[in-house]
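Enquirer: Protein chains in written order, with the numbering used here: chain A, 1 to 358; chain B, 359 to 831.
Keep in mind that the hints are not guaranteed to be accurate.
[Stated by the list, open to error] Simulated restraints, written as ranges between beta carbons of each label pair:
hint: 1; chain 1: A; residue 1: Gly134; chain 2: B; residue 2: Glu421; range: 50 to 60 Å
hint: 2; chain 1: A; residue 1: Glu231; chain 2: B; residue 2: Thr409; range: 51 to 61 Å
hint: 3; chain 1: B; residue 1: Phe529; chain 2: A; residue 2: Asp180; range: 45 to 55 Å
hint: 4; chain 1: A; residue 1: Ala308; chain 2: B; residue 2: Gln791; range: 15 to 25 Å
hint: 5; chain 1: A; residue 1: Val279; chain 2: B; residue 2: Ser737; range: 40 to 50 Å
hint: 6; chain 1: B; residue 1: Ser737; chain 2: A; residue 2: Glu33; range: 54 to 64 Å
hint: 7; chain 1: B; residue 1: Ser737; chain 2: A; residue 2: Thr190; range: 16 to 26 Å
hint: 8; chain 1: A; residue 1: Glu312; chain 2: B; residue 2: Pro539; range: 39 to 49 Å
I should point out that these hints are in silico values taken from the structure, not numbers from a laboratory.
In this text, a Cβ means the ideal position worked out from N, Cα and C, and glycines have one as well.
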Amino acid sequence: MKKTLLAWFVALSAAATLLIQPLAASAEENPKEIRIALSGAGSGGKPKLGYSFIPNAQLRGKLEEEFKKDGIKVTWYHFPGAGPATNEAFSNGKVDFGWHGDLPLIVGRSTGLKHKIILAAGRFGPLYLVVPSGSSAKSLADLKGKTIAIFKGTNQQLVLGRLLRKYGFTESDFRIVSQDFFSQRTSLSTGDIDAAIVSPWDLEARGVAKRIIEIRDDKFLNAPLTFWVGEEFEKKYPQIVQRVVNTFVKEAYWTSQEENRDAQFKLWAQSGIPFTDWVNDWKGYDLKERHSPLLDEYYVNIIKKSVAEAKEFKLIRKEVTVDDWIEPKYLNTALKEQKLEGYWPEFDKDGNRKDGKQ
Amino acid sequence: MAAGSQSAFAATNEELEKQLEVLQKTVESLKQQVQAQKSTEAAALPENVATKDDIEGVRADLENFKYDESRSRERNEVKSTRDTTLFGVVQARAQIQDEVTRAGNPQPNAERNSTFEIPTAILGVRGNIYKDYKEGKNLDYQLSFAYAKRPTTAGAASDFNLLDAFLRYNFLSTNGGPEIPRLNVTFGQQLLPFGLESQAPEDLRPTINVATAPALLGLFNRQVGAVVRGDIKPFVDYSANYRAPLIEYAAGIVNGNIANKLDDNNHKDFIARAAVTLPVDYSSWLREFKVGASYLKGSKNTTNAAGTATLDSDGKKDRYGFDIYYNHAPYGVTYEYWNGKEDFATGAAASTIRERESDGHTLTLFYTFGDQFYNSIKSIAKFDDWHPQSIQPFFRYDYYNPNKENVALGGAARSGRDTVRISTLGVNWFFAQTTKLQVGLNHYDYDTEIAKTANASARKDYNELQAQFQYGF
């Protein structure tokens, strides 16, 4: 019987080894897979998003098209846990590229995550402070002492800080609770929170919430979104990084063209946010400005400001330097190769177009 | 008259024909105008504007949906007065060993080497009695039952015993963010906050067999009482929303007379636990490094050897514990030490009370291939029922000595010859969200072997292979 058990044990170990083997990756010239983290998910946890040329490329299968000939698999991870989940996955070596808001990007960097910023990927845009439809509040002052929900750890935390400062308040004037994006919308409709920074359109259409603040022209409330690559991946596969950037720059060009405005909103509606919401949200904005991939003075300056704010709000404990974090060479090469230098307007550090246009 | 009349009729017919022709032309013209107007309207109507018919269609669909929904809710859905989640855990096991045994069945029986069994089947509900939307100071409840075999009774009947039955109130906010400390009190029948494995519910225990020392020292038993649990100075790394409370604590008072019983004396058991977690960022190699200590000041009715008379209603039943927890996925280590001091009757007349000291420790090492333990990957957005599959080989060394001083004990109390060392090599395969296959090869090494008797098999060192599916819902 003891011999039988020994045989079973050997068989068990062999089976475990066989099962484990496929999970262990081996080093090769090209990666077998490119893993991209998107810090968010569609309504109800759908693996589809909108807003930028990054998710647009996924919706149109552009990276898959680019790497098909090499047999490189492209895997997109949509994290309902937003930026913090992207950081967790990157910290454990589960993703190679990431699309991030400013706060989780900065906090991740401050805790030692090693990545390089290679593209700006979505900027400007409106901000809405939304309250339940039955609320008598007309301004932030009316909400003093009341409950405002944000998803702590995401860029929403810095956005709220900036909004409060703009109107002369601090977080201590309100009761701030943490809820994910879906819970914020539900709590607004049930009246369990007093305000949240969310997209108002479908809530208003259902008659459950209303805007009390809408700001469309403040370039320093919403910091740009960022696309980065892990340092290790970049060192190992710079040629792949270049091709990824080339593909995204092509996609940024497609999304920046006015004739594709409705087409991209229709694609983004796959996320569960209706087409009309995207139309309303983007009304009056220049697509070229919002889809600019440039790492211009404006981008660098606002990320530096965000670092300072994260420190001031005690969200980071260690210094984060920005200049050595940005790697523009892939973007510059892509712009040159695609003859797109000068296509997107550059902004100065104060958020003004350098070409003087308003 | 007639001719005149005919002539008159003829003239009238001609006129009528002319009039008819004019009218036909007029109708034709009007038709063309209407057609032209329709075409203009159709051209002017944007494609995405809903017509009255469209709206009627949507309204009819909505009414149908509302009817179906209310009918389904009334007839086909389980309802409850309060928020309720139904949950359960079931284990289905097969095992084979190289020494025969007769344990677990009523007499008469015969020796066996292998068996199938259902060691655990739990059914329960949990939810909110009161939900505080503003501050998250919720009042929660849990009620669960577990199936239990009757090893000494013939027949197929089994018991369905009350397992957890408690209310929990959160004194501090649970929705204010990870930086807010936690504090709650749990009142009712519950697991004790002692060490690591003892307070893990059945579905989260890492190996098929639980550690021997806490099992034989009674630390897996549910107890009835009130326990306060909380933490202070939580360290928060917002980069991954990682929360590491610097100090976790628990303190409580319980009957000390296991579950589903009244207190059996006038002395309560007191329990206290504290644990320190290193305040480091999520990306640090020292994340989830925790050291804890637990203490149970218990009392028992010390009885004579026959168990027919109480010699002391405040006999000693103390437990001490120390634990280290380090879980840095993909690898992890846990170590627990237990010490028990307990009074027993000794001597020929079983009238002398002496203290028996027991101790034990368990070391578990594991490594996970796969993404089961990464919250980000586990909660990834998906259309299907995808879940990261993981394989987790582990090794466990488990030691227990129930009687360190080899005190001669009366009655059924165990003596020093029960010292056992169990080495386990195993693997957990997490192949669906709430289901795992566990396989373990155990080697039992006893200090003293016991010869076969009329009613019991010999106790010898032996090897055992176990395989078990555990699923939850």
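Enquirer: Indicate, hint by hint, whether the structure satisfies it.
Expert: Okay, the hints, checked on the actual structure:
1. Gly134/A / Glu421/B: 50 to 60 Å: violated (27 Å)
2. Glu231/A / Thr409/B: 51 to 61 Å: holds (58 Å)
3. Phe529/B / Asp180/A: 45 to 55 Å: Once the Cβ atoms are compared, 24 Å apart, the range 45 to 55 Å for Asp180/A and Phe529/B is violated.
4. Ala308/A / Gln791/B: 15 to 25 Å: This hint is violated: roughly 42 Å between Cβ atoms.
5. Val279/A / Ser737/B: 40 to 50 Å: This hint is violated: roughly 31 Å between Cβ atoms.
6. Ser737/B / Glu33/A: 54 to 64 Å: violated (20 Å)
7. Ser737/B / Thr190/A: 16 to 26 Å: Given about 23 Å between the Cβ atoms, the range holds.
8. Glu312/A / Pro539/B: 39 to 49 Å: violated (23 Å)
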